[in-house]
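Peer 1: Go ahead and model the full structure; you've got the sequences and the hints to work with.
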Amino acid sequence: MSAENTPSDTNEYLLEVVNARKTFPGVVALDGVQLKIRPGTVHALMGENGAGKSTLMKIIAGVYIPDEGEVRLRGKPLTLTGPLDALEAGIAMIHQELNLMPFMTIAENIWIRREPLNAFGLVDHRALHDKTQALFERLGITMDPDMEVRHLTIAGRQMVEIAKAVSYESDVLIMDEPTSALTDREVEHLFRIINDLRAQGKGIVYITHKMDEVFTVADDISVFRDGQFIHCAKASDMTSDEIIKLMVGREVTQMFPKETVPIGDVVLSVRNLSLEGVFTDVSFDVRAGEIVGLAGLVGSGRTNVAETLFGVTPATSGEIKVNGTSVAITSPHQAMVNGMALLTEDRKETGLFLDLSVLENMEIAVLRDGYTRSGFVSQGVLDDQCESMKSLLKVKTPNLDERIGNLSGGNQQKVLIGRWLLTKPKILILDEPTRGIDVGAKAEIHRMVTKLASEGVAVIMISSELPEVMGMSDRILVMHGGRVTGVVPREEASQVRIMELASSPMGADAA
Amino acid sequence: MSTATDTTKAVEETTGKKRKKKVPTEVSILLVLVGISLLFEALGWIVRGDSFLLNPQRLLIMILQMSIIGIIAIGVTQVIITGGIDLSSGSVLALAAMVTASFAQSSDYMRAVYPALTDLPWIIPLAAGLLVGALAGLINGSLISLTMIPPFIATLGMMVSARGLARAYTDGQPVSMLTPDFMWLGSGANPVIIFLAVAAIFHIALKYTRYGKYTYAIGANPQAARVSGINVRRHLIVVYAIAGLLAGLGGAIAASRAGTGQAGMGLMYELDAIAAAVIGGTSLAGGVGRVTGTVIGALILGVMLSGFTFLGVDAYYQDIVKGVIIVAAVIADQYRQRKRSKAKT
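As you go down the protein sequences, you meet chains A and B in turn.
Read in our numbering, the first sequence has 214 at position 214, and its numbers run on one by one without any break.
Read in our numbering, the second sequence has 609 at position 98, and its numbers run on one by one without any break.
Hints should not be assumed to be uniformly reliable.
As the list claims (entries may be wrong) - Chain A side only, calculated, beta carbon under 7 Å to chain B, not exhaustive:
1. 332
2. 333
3. 336
4. 344
5. 350
6. 351
7. 353
8. 355
9. 356
10. 364
11. 365
12. 367
13. 372
14. 375
15. 376
16. 377
As the list claims (entries may be wrong) - Dumping the calculated SDA-like pairs for lysine to any residue here, alpha-carbon to alpha-carbon at most 25 Å:
17. 36(A) x 226(A)
18. 718(B) x 401(A)
19. 348(A) x 745(B)
20. 850(B) x 67(A)
21. 718(B) x 380(A)
22. 424(A) x 742(B)
23. 210(A) x 197(A)
24. 348(A) x 796(B)
25. 850(B) x 349(A)
26. 348(A) x 849(B)
27. 36(A) x 249(A)
28. 36(A) x 199(A)
29. 426(A) x 734(B)
30. 424(A) x 734(B)
I should point out that these hints are in silico values taken from the structure, not numbers from a laboratory.
Idealized CB from N, CA, C, for every residue including glycine.
Peer 2: This is how it looks when you write it as structure tokens:
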């Protein structure tokens, strides 16, 4: 799949991952992945959402155990059965989600499990303070070690996490988007720390979505895509365009066919929609028969926009018009009354009733209208409707009474789509409709969405998979940092263009 | 990996619709009930040389004893299905019994709470008891829905306060001398009939109405329920109010059967009610449970009580065994939950 084109200034690698494979129910997260870190370098991992970077890091940090392959430290194979093993071997990780205990002090958080003890076997708070102070001086951090973590800003907590990871004196330090919560000044500070560590011969695995950061900080770059290793080279030998092309990879084929269908009137019109602290001034229209793609990295606010439109988290300002009439949407029920449907991003969290049957999962959204008579459910009619929905969507299940938890991800997703189709929506919002499902089910879902558009449904589709967004959408809205950074018409859409808009706050020359 | 199971399932589907009915949880609980009954039967012959089961009188008393707990257990069952808990049912029962009794006193009784009242037809005190119960449940539900405090805390507060209110209502005095008209309500087999009627109504409500389907959905995944357009808060308020209403009904029947209202009535009934639901297969994790299971669960508790009394076993030992059975039922529930989540390929 890829040639041995790793930079080879030195034959001695600090950390190697060889041929790693990791599967989760229904998905292959990593397959045949390799990674080679030279001592005294910063190694950036690049890839789209779902490329497998986080899984790979969790394997190195001992959080996941790979199905195949191995991790080698200085040439010696490691068997990691948990994060503690990794720490003891000399691999520390700074987690993207912060793992500090808010009601304990900074010093207590940093040295947890390793507290200095006095003669009575009790925690020696003086020594704890001094050790932390020494560490902070070395790193140039000016925080009071005895302050409780809950008083710190997110950025402050991030610095504590970094100090904690450094305190293990590990050989390998993994940083998963460490700058996402930091200001420019703090980022500079972090880079100074990183340079120090590099000078000490440590290896740093660095994950980021920010292209400019990569070229500032990284020595080597490995690119991943769809759980596979794609390319590794020195940062000085690559350009940002090349990296984006490698990350995106696939040619846009006719795999995601959007037929040209007559476009009707504006069904949904959104003006200056804002959710305080999350996204700002989002405006767009969707016409009957149109599919509007919503692209952006995780955290760009795309899912929040969908949830706000559907009333899950009502907007703090702005206007939503359905068929030209201004509507106030403060609950999902109101959104449904206005003809909306939302297939949520996280099937398990906000979609499925895992313990209930396929039937109970499918019928739940239509029990309000038409299918109940004075509170009693017209089960016969509903059974027939669900049965025909099941055949329409080709849901593979022995019968409708099967517990939905026993179905594969793709079939679960089809049931959830069926749930919303039963409501006969005029506006269909799909958040990652094909995430984690197999190719066959994916194609069927694409066909179904196209068919709905041709029947005059206005569709908003969110996806992390650029080829999917580009193949399916008439127009693509790109978001970054809670703002729309650009609108790309189908004809002008290229993956490079979308990635540019999605990763830069300026939105390039957003029109 | 999932495609393999998909195809086998698809094959099953095409080769005739085999609706492989799994053995419902109720059947295994029913077997437990039968087993315990037979055990007491055997012990009866060994220890006392007498039959435990072939004594209609004893069985009627047993069912009568369990009727009131059964009624409140049905309310508690639907609360547990939503993923909540109701600790207040015993105290609410006592409060409702006091209020009911105060409206059912004979007008010529000199220590009447409301001396100005004439003898009221039985329906009025009953309605008063139901109202008080529903009101207490409404407060429970509103607290949980609007302030988002855990159901355990909200209903714990109600458990303590309602008991206090029941005592304060008459300064701790019992309310006696009830009208014969009202005494009819709890006489003979009436409590059993009411219990079975309530069970039938809620069995149907949970299975065939929108109310029931929403109840299960909220318990299975409250977030998904909300996104599916269900007004989760409003529904929870209704569920707790109905649980309170049934505790109120239990209170009215208890007062009628005893011919008096006393603030100490229904002590620890909330735990028996929860036990009946859990023994009957209702999952404390929410989303799973049936009225039929709860009825069998209540009968198991009843058989135990009656059986131990029949054998002359001290009440202390009865409690020990009851505790063991409750814990065993929860372990069984955990085991079923694990099996459910493991079933996913």
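Peer 1: Please verify whether residue 424(A) and residue 734(B) have alpha carbons no more than 25 Å apart.
Peer 2: 22 Å, holds
Peer 1: Against chain B, is residue 367(A) within 7 Å by beta-carbon distance?
Peer 2: Given a least distance of 5 Å, the restraint on residue 367(A) holds.
Peer 1: Against chain B, run the beta carbon of residue 356(A) and see if the smallest gap drops under 7 Å.
Peer 2: 5 Å, holds
Peer 1: Decide if the proposed pair is consistent with the structure: residue 850(B) and residue 349(A), CA atoms, cutoff 25 Å inclusive.
Peer 2: Holds: residue 850(B) and residue 349(A) sit about 20 Å apart, inside 25 Å.
Peer 1: Per the CB criterion, is residue 336(A) less than 7 Å away from chain B?
Peer 2: Holds. Min distance 5 Å.
Peer 1: Taking the closest Cβ pair, is residue 375(A) under 7 Å from chain B?
Peer 2: With Cβ-Cβ at 5 Å, under 7 Å, it holds.
Peer 1: Hinted pair, alpha-carbon criterion (25 Å max): residue 348(A), residue 796(B). Please report holds or violated.
Peer 2: 16 Å, holds
Peer 1: Per the CB criterion, is residue 344(A) less than 7 Å away from chain B?
Peer 2: 6 Å, holds
Peer 1: Holds or violated: is there a CB of chain B closer than 7 Å to the CB of residue 372(A)?
Peer 2: Nearest chain B Cβ about 5 Å off; hint holds.
Peer 1: For the restraint on residue 365(A), tell me whether the closest CB of chain B is nearer than 7 Å.
Peer 2: OK, holds: residue 365(A) within 7 Å of chain B, min 5 Å.
Peer 1: At a threshold of 7 Å, is the proposed contact between residue 333(A) and chain B supported by beta-carbon distances?
Peer 2: 4 Å, holds
Peer 1: Would you settle whether the hint for residue 350(A) is holds or violated, based on the nearest Cβ-Cβ distance to chain B being less than 7 Å?
Peer 2: Constraint on residue 350(A) satisfied, holds at 5 Å.
The structure is consistent with each of the numbered hints, conforming to all of them.
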